[in-house]
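A.B. asks: Build out the structure end to end from the sequences listed, making use of the hints.
The residues making up each chain are set out below.
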Amino acid sequence: MLEAIYLAGHGGQGTLSTGQLLALAAVKEGKCVSYVPHYGVEKRGGVSNCGVTVSDRQVSSPFVTEPTVLVAMNSLSLERYENAVVPGGLIITNSSLVEAKVSRTDVKAVPIRANDEAEALGDPLVANNIILGAVLELTGVVSIKTVEESLKEVLPPRHHHKIPVNLKALERGAQLAREYINPTGE
Amino acid sequence: MSKILMKGNEAIGEGAVRAGCRYFFGYPITPQSELTHFLAKRLPEVGGLYMQAESEVASINMVYGASCAGARVMTSSSGPGISLMQEGLSYLAGAELPSVVVNLMRGGPGLGNIAPSQADYFQATKGGGHGDYHLIVLAPNSVQELLDMTQTAFDLADKYRNPVMIMADGVMGQMMEPVELADQLEIKQVAKPWATTGTDYHEGRNLINSCYVIPEQMEDLNNRLEKKYADITRNEQQCEGYLLEDAEIVLVAFGMASRICRAVVEKARAGGIPAGLIRPITLWPFPMEFVSKVADKAKIFLAVELNMGQMMEDVKLAASGRAPVYHYGRLGGMIPDVREVLREVEKLYRGGVGQ
Chain Z
1 MLEAIYLAGH GGQGTLSTGQ LLALAAVKEG KCVSYVPHYG VEKRGGVSNC GVTVSDRQVS
61 SPFVTEPTVL VAMNSLSLER YENAVVPGGL IITNSSLVEA KVSRTDVKAV PIRANDEAEA
121 LGDPLVANNI ILGAVLELTG VVSIKTVEES LKEVLPPRHH HKIPVNLKAL ERGAQLAREY
181 INPTGE
Chain F
187 MSKILMKGNE AIGEGAVRAG CRYFFGYPIT PQSELTHFLA KRLPEVGGLY MQAESEVASI
247 NMVYGASCAG ARVMTSSSGP GISLMQEGLS YLAGAELPSV VVNLMRGGPG LGNIAPSQAD
307 YFQATKGGGH GDYHLIVLAP NSVQELLDMT QTAFDLADKY RNPVMIMADG VMGQMMEPVE
367 LADQLEIKQV AKPWATTGTD YHEGRNLINS CYVIPEQMED LNNRLEKKYA DITRNEQQCE
427 GYLLEDAEIV LVAFGMASRI CRAVVEKARA GGIPAGLIRP ITLWPFPMEF VSKVADKAKI
487 FLAVELNMGQ MMEDVKLAAS GRAPVYHYGR LGGMIPDVRE VLREVEKLYR GGVGQ
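Chains Z and F, in that order, give the protein sequences. The first sequence lines up with residues 1 to 186 when you count with the numbering used here. The second sequence lines up with residues 187 to 541 when you count with the numbering used here.
Careful: at least some of the hints might be erroneous.
Label pairs and their computed distance ranges (CB to CB) [unchecked claim]: (1) Z:ASP106 to F:ARG529: 13 to 23 Å; (2) F:ASN421 to Z:GLY12: 46 to 56 Å; (3) Z:SER55 to F:TYR398: 49 to 59 Å; (4) Z:ASP56 to F:GLN424: 27 to 37 Å; (5) Z:ASP56 to F:LYS374: 20 to 30 Å; (6) F:HIS223 to Z:LYS101: 34 to 44 Å; (7) Z:GLY12 to F:MET404: 52 to 62 Å; (8) F:LYS189 to Z:PRO157: 22 to 32 Å; (9) Z:ILE163 to F:VAL243: 45 to 55 Å.
Source of the hints: derived by calculation from the structure; they are not laboratory data. Every residue, glycine too, gets a C-beta built ideally from N, C-alpha and C.
C.D. replies: Structure (structure tokens):
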């Protein structure tokens, strides 16, 4: 098993915290993990990306240059990294902000309206975990249960009351991904 | 023993604390600021002292003072700050003061940028400060090693009364990987009868100095240092080999570049090219013996670095003309990706060796 997941967006969209949450969950499941952040010098609004490699074996290069999964939280990220994804890979776009369609035909493309869905759950800050829910559903890289345990560690106690809404976001994301792949529910 | 997810900068800090380091003097600079943040919080928890100095020049001289008093002490910085510390490093080497200095390298020269680089190899291994001296230079390549080697660094510093540098590219400070923390803290503090702890603690007067006005006396020190450096060169070369048994093209890379090259070697082998990897762990002393042995069998060396070809010169010295040494590097904070290094390997191999 090897998943090289590239999460790309701009500062404030939670790409780095999502990557760390995923990395921690993978450690808890006993997997080999590397997390490498990439961000600009801007305090706000700059590029904010990270690569998370999860594997059964020792991770050689921790840099995700040929992602098996790309999460594009905004249009620029899709434009920049769409071509890097391996054939047969997965691209999840945050279609609340990304209007363009994925042009590649040799990858699986799943649009998720993460910001709108987060609003509907009553907390715009959980958009990132709607997307993460979809990643988990489509890759099985770690279980939602382990991510739930990890949330308790990455969130400071003063934010623990936010765990339920984050869990709802993960489950909603998973559900949206299921429905998109299999619209008739068969 | 369970694994926890840790950031490289924190692993260095925790490694230092576990090695018994209780004094840190530093000045923040990206990409190592998280290390200073971490120690500002962690050192007071164990009764230690964290001090943000007014500059890097001040930090390295505070390190000099604390080391004189026998303490395990550390500072850290990145390229521009390490350049400011060079005078102090020369003084530490001259006064034979054990100390640990961390350089998380970034793009340069000049102010450069905050992206990862390995361009300070010459500065670290060939001097940097003035005079005839050597730092012991360690090059970890994972977060686990950042933790473990920081502990090793303190032991080596005390063993040889010499400054030790831990050198990694900036991204290693910020990356996160699982780390195993040993349950039992084992601190190997050695006696330092030379330290200036006051006459209540040692017989007579201890003097620590690097000023020898009379050339004969200076040369005595130089001779002693030369002997010490020869001992270190004999005893402390560390290196790792990967798939070298039948390797015809041998990549040589340290730190993060060695992780990329490991993937390159696997892909090259999958494509039928007998590639192998040498990964120097100590950059000074450079693992001359290991590389030299490999040069008896290998047909081509390819040094892969995040610089213009600095370690390559040491690979050439070790190979002594028995095999050609090529270089592939990315500069300015750019990271070579596996595909481009693989193309280089294919080009070199198909261009000669594999015929």
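A.B. asks: It remains to establish, for every hint, whether it holds in the given structure.
C.D. replies: Do the hints match the structure? See the list:
The given range of 13 to 23 Å is respected by ASP106 of chain Z and ARG529 of chain F, whose C-beta atoms sit roughly 22 Å from each other. For ASN421 of chain F and GLY12 of chain Z, the Cβ-Cβ distance of about 52 Å falls inside the hinted range of 46 to 56 Å, so the restraint holds. In this structure the supplied range 49 to 59 Å holds for SER55 of chain Z paired with TYR398 of chain F, their Cβ-Cβ distance being about 55 Å. Between ASP56 of chain Z and GLN424 of chain F the beta carbons are some 28 Å apart, a value that agrees with the proposed interval 27 to 37 Å.
Evaluation of the 20 to 30 Å hint for ASP56 of chain Z and LYS374 of chain F yields a failure: the beta carbon distance comes to about 36 Å. The given range of 34 to 44 Å is respected by HIS223 of chain F and LYS101 of chain Z, whose C-beta atoms sit roughly 43 Å from each other. Take GLY12 of chain Z and MET404 of chain F: their Cβ atoms lie about 59 Å apart, and the range 52 to 62 Å holds. Taking 22 to 32 Å as the suggested C-beta distance range, the pair LYS189 of chain F and PRO157 of chain Z conforms, at roughly 23 Å.
Between ILE163 of chain Z and VAL243 of chain F the C-beta distance comes to about 48 Å, which sits within the given range of 45 to 55 Å.
In this structure, the one hint that does not hold is number 5.
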